[in-house]
Amino acid sequence: MDFLRPASWEEALAAKAEHPTAVPIAGGTDVMVEINFDHRRPEYLLDLNRIGDLTEWEVGEESVRLGASVPYTRIMENLRAELPGLALASHTVASPQIRNRGGVGGNLGTASPAGDAHPALLAAGAEVEAESAARGTRLIPIDEFYTGVKRNALQPDELIRAVHVKKADGPQQYSKVGTRNAMVIAVCAFGLALHPETRTVRTGIGSAAPTPVRAKAAEEFLNAALEEGGFWDNGKIITPSVAKQFADLCSAGCNPIDDVRGTASYRRHAVGVMARRTLTWTWESYRGTRRTIEGAA
Amino acid sequence: MRVNFTVNGRPQEADDVWEGESLLYVLRERMGLPGSKNACEQGECGSCTVRLDGVPVCSCLVAAGQVEGRDVVTVEGLADFAQQRSESGCATGACGTSLQDAQQWRAKGTDSQTGEGTELSPIQQAFIDAGAVQCGFCTPGLLVASDELLERNPNPSDADIREALSGNLCRCTGYEKIMDAVRLAAARQSEGV
Amino acid sequence: MPANGAPTKITQGSQTKGGIGESTLRPDGTLKVTGEFAYSSDMWHEDMLWGQILRSTVAHAEIVSIDISEALAMAGVYAVLTYDDLPTAVKNYGLEIQDTPVLAHGKVRHHGEPVALVAADHPETARRAAAKIKVDYRELPVITDEASATAPDAILVHEGRDDHHSGHVPHPNIVHRQPIVRGNADEAAKRADVIVKGEYTFGMQDQAFLGPESGLAVPEEDGGVHLYVATQWLHSDLKQIAPVLGLPEEKVRMTLAGVGGAFGGREDLSMQIHACLLALRTGKPVKIVYNRFESFFGHVHRHPAKLYYEHGATKDGKLTHMKCKIVLDGGAYASASPAVVGNASSLSVGPYVVDDVDIEAIALYTNNPPCGAMRGFGAVQACFAYEAQMDKLAKQLGMDPVEFRQLNAMEQGTIMPTGQPVDSPAPVAELLRRVKAMPLPPERQWESSEGADVRQLPGGLSNTTHGENVVRGIGIAVGIKNVGFSEGFDDYSTAKVRMEVIGGEPVATVHTAMAEVGQGGVTVHAQIARTELGVTQVTIHPADTQVGSAGSTSASRQTYVTGGAVKNACELVREKVLEIGRRKFGSYHPAWATAELLLEGGKVVTDGGEVLGDLVDVLEDETVEIEAEWRHRPTEAFDLVTGQGNGHVQYSFAAHRAVVEVDTELGLVKVIELACAQDVGKALNPLSVIGQIQGGTTQGLGVAVMEEIIVDPKTAKVRNPSFTDYLIPTILDTPTIPVDVLELADDHAPYGLRGIGEAPTLSSTPAVLAAIRNATGLELNRTPVRPEHLTGTV
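Chains as they are written, first to last, in this note's numbering: chain U, 1 to 297; chain A, 1001 to 1193; chain V, 2001 to 2794.
Take these hints with a grain of salt, some might be off.
[Claimed, not checked] Where chain V lies over chain A, by a calculated footprint (3+ residues, C-beta under 8 Å):
hint: 1; segment: 1030-1044
hint: 2; segment: 1137-1148
hint: 3; segment: 1155-1168
hint: 4; segment: 1172-1178
[Claimed, not checked] Non-contacting residues of chain V with respect to chain A, defined by C-beta distances greater than 12 Å in every case (computed):
hint: 5; residue: Asp-2085
hint: 6; residue: Ala-2151
hint: 7; residue: Gln-2406
hint: 8; residue: Gly-2488
hint: 9; residue: Glu-2610
hint: 10; residue: Leu-2619
hint: 11; residue: Gln-2644
[Said to hold, decoys possible] Quick partial rundown of chain V residues pointing at chain A, CB under 10 Å, derived from the structure:
hint: 12; residue: Gly-2035
hint: 13; residue: Val-2259
hint: 14; residue: Arg-2455
hint: 15; residue: Gly-2460
hint: 16; residue: Gln-2519
hint: 17; residue: Gly-2695
hint: 18; residue: Gly-2696
hint: 19; residue: Thr-2698
hint: 20; residue: Leu-2701
hint: 21; residue: Phe-2723
hint: 22; residue: Val-2739
If you're looking for bench data, these hints aren't it; they were derived computationally from the structure. The model shown is predicted, which means the values in this text are computed figures rather than measured ones. Glycine is no exception: its CB is placed at the ideal position from the N, C-alpha and C atoms.
Take these sequences, add in the hints, and give me the full structure.
See below:
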């Protein structure tokens, strides 16, 4: 095993180009477990800790450019307003110690269906900034990023530099089921974002399919139902039958398996419950905001 | 490979380090600092918690090569760390520790045979007094995590304590005495005892 | 002065600080908080090697061949050992039945069985070498449950059994069977107005001590070996290790290294023999440290169980009879299974009066992971089932579940199903009354001005509910556990106590082989010495095999038995010291000859408080040292047909009330409070007593809602050997645990104390289950309860 310690992003890209099998390590919260338990013996470890700008973020007009190694703790503390769904998801990641080390780049690189950030990224809308020495930078839409179980759209010579997450234009929620009240891997998870500007709703489902997925049929149904009922304008409570159908469609959007963490049947059920609850929470929040705005006007 | 970093205020060098070794292994097996514990080596128990440039992390998940040039505080250095924090005019702990401060202090020697004459940090004393130590294997990690909590938040609610310590498993105590210990340390801190 | 004017009599120890009854602090506390306490995995030696164990990847298979040549050829590898390298004819070990191979021979019987050993100069070298050992397995069908174990054509897990249970078991795949028949259950059933039958399942729990199995074996110049190891019983280890090494016991020196928890999981050997073999072969110190993955294969677990119960009761709420069959899965090797069977059987009726019983408990041999000792030892599984039965009976009778239990509660004088009378306090009804009377925690504690605090809701930080579908439930349970080794076992402890003057002060030194595993035995030993010898300075000598056996740190027995041995040795030392005093000073004061003499505050005093002399002057440069064995009163074996016999030493009782909040829609549980009332006889160290009760309670909570080793029924392979998927409670899963301690002396025991470590683990689980049933209305006949069971999505 070789330990590569690039001092700059350019050096890191060069190292990755030279050694495409090199495994990037930043927070170490996935890679080191595999090494400690002898599940993996990469030829090269590519340490990204010395590249300072990976732990920085910029809040832009439309989106936040979030460095791949910004620790979850920082996201929770500093980006609650801009990225509420991701901030909530960050708070459910493992433990304080892990949140101090791990970042979204690791979740994306590992691309485990159980990664906590994925549903929030899917729901908010995001692009992954990947870069290689040979071809430069490209932005991969999050919907195209997950390609299979623990597989993603990265080329062997590419590294994740940042993720561009759309700033929230409405309420977002995130919910995760685990069999313990803290420090638990998701049995399944659900992210939901209301986008009042486009009058759309986006979702993200974790751990209930081979990859993180959006419940697109559910989104389409809900977008249509909200439009049809004039809900965005009248701010009415979403009717229970609409919420139920949305929940059912989210359940139907799952393609889960039975494993030691939970049954497929439970996952489908739980995703439906979380879909309904997060819709209720976000919609209540949206209505509250509307009332506040109207009250002020 | 060779790794140089600072542990408890002292510069250290480790040679012939295998690239897959964790910071935890280097501390325990190469530096004679076995206080950080090896209970799970998968980031699920917190017993190996150390402060890396001031931030609590699981040392089992930090690759040895990643600590090059960085600053580590382990349970062995906790008493001196707390002492110097309080001397630097931050007795309440609310102002945190700057990296510069962290790098300026050094651990003092203690009698490693009996532990007698050892100066303890307030959180260490509180763990003993409250009965929060049984087998003690989780204790070092809990001490580092609790000390950092009280540095950040001198008057934590019970829910705050539980959240801050939710990454540290204990199998002996049922956590009640650990809660007592943190409450006790917080109370003593606020009374300036 | 008392009202009648009589002089106040003082009793031994009452005037000395830091004695029994005080919450003195741990003598190892400072070392443990500074990180200097040397646990077994912290051992280090110049020039040491690292040992690695190659374990079977399949559960049941013939070993066709093992090729170690590539491993042996690797640079940095010092030894590779297989069965063929074992030095003597003794190739098996075991606590009661020597059926466990040191290294597999011809066959592996469970997933993760040790097959070969490597010693190398770095753990990674050792791991790579182990990976290069080629083992060719021919897989066999797996035995995984009662049906497959006892089928007429079942493959025998152990061929040619000749152990002392083999003659009386109905099938060779049954390790041990213990029936208990008393009265006539069938006849009594005719008096019942209601009959409740239930089938219960108890999942496989792991001790999950945090300090992994580890130790260091150092070869010695005389050809022997010195082993520093974390264990529960040094002398039992020694008896199993020495014959395999072909060494006399005196050439295998053992010192207790720091123990990171045990809970039964260190009663069997793990890496002990392996490290010694490698050290003797290479002539170098060898350290072995399991990682968490290996730890799940490196020790036995709590027996999973199927329990079939039938109870009857009259309509006025009196139990008529009980029939039960308890099937414990012992896995591939016997470990403590026979004794667990004895406990499950003899405690299966619970703390209730039932005159007519028909009981059977068995442990199976299967190809599942071996199971043995864990806190609660057979009584845990039974308690889960009989307490569920009690709630069902109360419900059918329309009675309050606590009142129903109190109506049938045993008390001092009750005859156990084994025919043994309960001859010390058994305050079962009182414990139930106390937990029921505790104030309830406020409702909806999660509500705050800033909305719902998810940390206080089911799901916790995962943000699954803000109060939706959260229903509170309350449940109560009580249990009975035996204390000490039962069934005629010679359960003794040894203590060596020395008294001398050091630096002008009298000092006592207590030396035992007791394994301090965190329970606080070392604290209590110092307290006993202060009380009995009237000194303040007490040194606790490290535990090793240079002193006689202290028995196991299990069965809630150490304060009772080794504490009893320390008390006894101190009393003998005290007599000797007074003898010296009489010899030296008897002629100066008549009280030396006439009065009752005590040692208090470093002085010899009369029971009226008159000081006769300083211990410093009595002892001068003399040293008084006595090593003595101490036994509790003997027990008897249970009759193999009727189960009758005075099998137990003492009983221990605890009751719990659980308050839970369940998200009924997602099936997630938050335990809000888990109150406990326990009779401890006499609290030698109240702080430690409460710590034991809270810790035991939490382990019971764990197996109620999350802890289970999942074994694939098709392959008998363990599916979740990690802390990622075997979950134990975090501080956010654990509620407040108010404890009400009752002290009703047992006159047969030292200081009237009662062993306390296990009882709280029993009733905690059924109380939580009862609370979840109360919240959901579901029957819930298995533990742990998973969200699937609460949502109908299994």
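Checked hints:
For the segment 1030-1044 of chain A, the stated coverage by chain V holds: 12 residues have a C-beta nearer than 8 Å to a C-beta of that chain, and at least 3 were required. By the rule of at least three residues with a Cβ nearer than 8 Å to a Cβ of chain V, the coverage given for the segment 1137-1148 of chain A holds, with 5 such residues. Check result for the segment 1155-1168 of chain A against chain V: holds, 8 residues qualifying (beta carbon to beta carbon below 8 Å, three or more required). Remark: the segment 1172-1178 of chain A is confirmed as covered by chain V, as 7 of its residues place a Cβ nearer than 8 Å to a Cβ of that chain, reaching the required three.
Taking the minimum C-beta to C-beta distance to chain A, about 27 Å, the non-interface status of Asp-2085/V holds against the 12 Å cut. With a least beta-carbon separation of about 38 Å from chain A, Ala-2151/V lies farther than 12 Å from that chain, consistent with its non-interface assignment. With a least beta-carbon separation of about 27 Å from chain A, Gln-2406/V lies farther than 12 Å from that chain, consistent with its non-interface assignment. For Gly-2488/V, the requirement that its beta carbon stay farther than 12 Å from each beta carbon of chain A is met, with the minimum near 32 Å.
The non-interface label for Glu-2610/V is consistent with chain A: the shortest C-beta to C-beta separation is roughly 36 Å, beyond 12 Å. Against the 12 Å criterion, Leu-2619/V stays outside the reach of chain A, whose nearest CB is about 24 Å from its own CB. Against the 12 Å criterion, Gln-2644/V stays outside the reach of chain A, whose nearest CB is about 38 Å from its own CB. Checking Gly-2035/V against chain A: minimum C-beta separation of about 2 Å stays under 10 Å; hint holds.
For Val-2259/V, the interface hint holds, since its Cβ comes within 10 Å of a Cβ in chain A; the closest pair sits about 6 Å apart. Hint status for Arg-2455/V relative to chain A: holds, with the closest Cβ pair at about 5 Å, below 10 Å. Contact between Gly-2460/V and chain A, as hinted, is supported at the beta carbon level, the nearest pair being about 8 Å apart and thus within 10 Å. Evaluation of the Gln-2519/V hint against chain A yields a held restraint, the C-beta minimum of about 7 Å falling below 10 Å.
Of the supplied interface hints, the one on Gly-2695/V holds, with its beta-carbon coming within about 5 Å of a beta-carbon of chain A, less than 10 Å. The interface hint given for Gly-2696/V holds, since its Cβ lies 8 Å from the closest Cβ of chain A, which is under the 10 Å cut-off. Restraint check, Thr-2698/V versus chain A: the minimum CB separation of about 4 Å is within 10 Å; hint holds. Nearest Cβ of chain A to the Cβ of Leu-2701/V: about 8 Å, under the 10 Å cut. The hint holds.
Taking 10 Å as the C-beta contact cut-off toward chain A, the hint placing Phe-2723/V at the interface holds, the least distance being around 4 Å. For Val-2739/V, the shortest C-beta to C-beta distance to chain A is roughly 9 Å, which falls under 10 Å, so the interface hint holds.
Hint violations for this structure: none, all hints satisfied.
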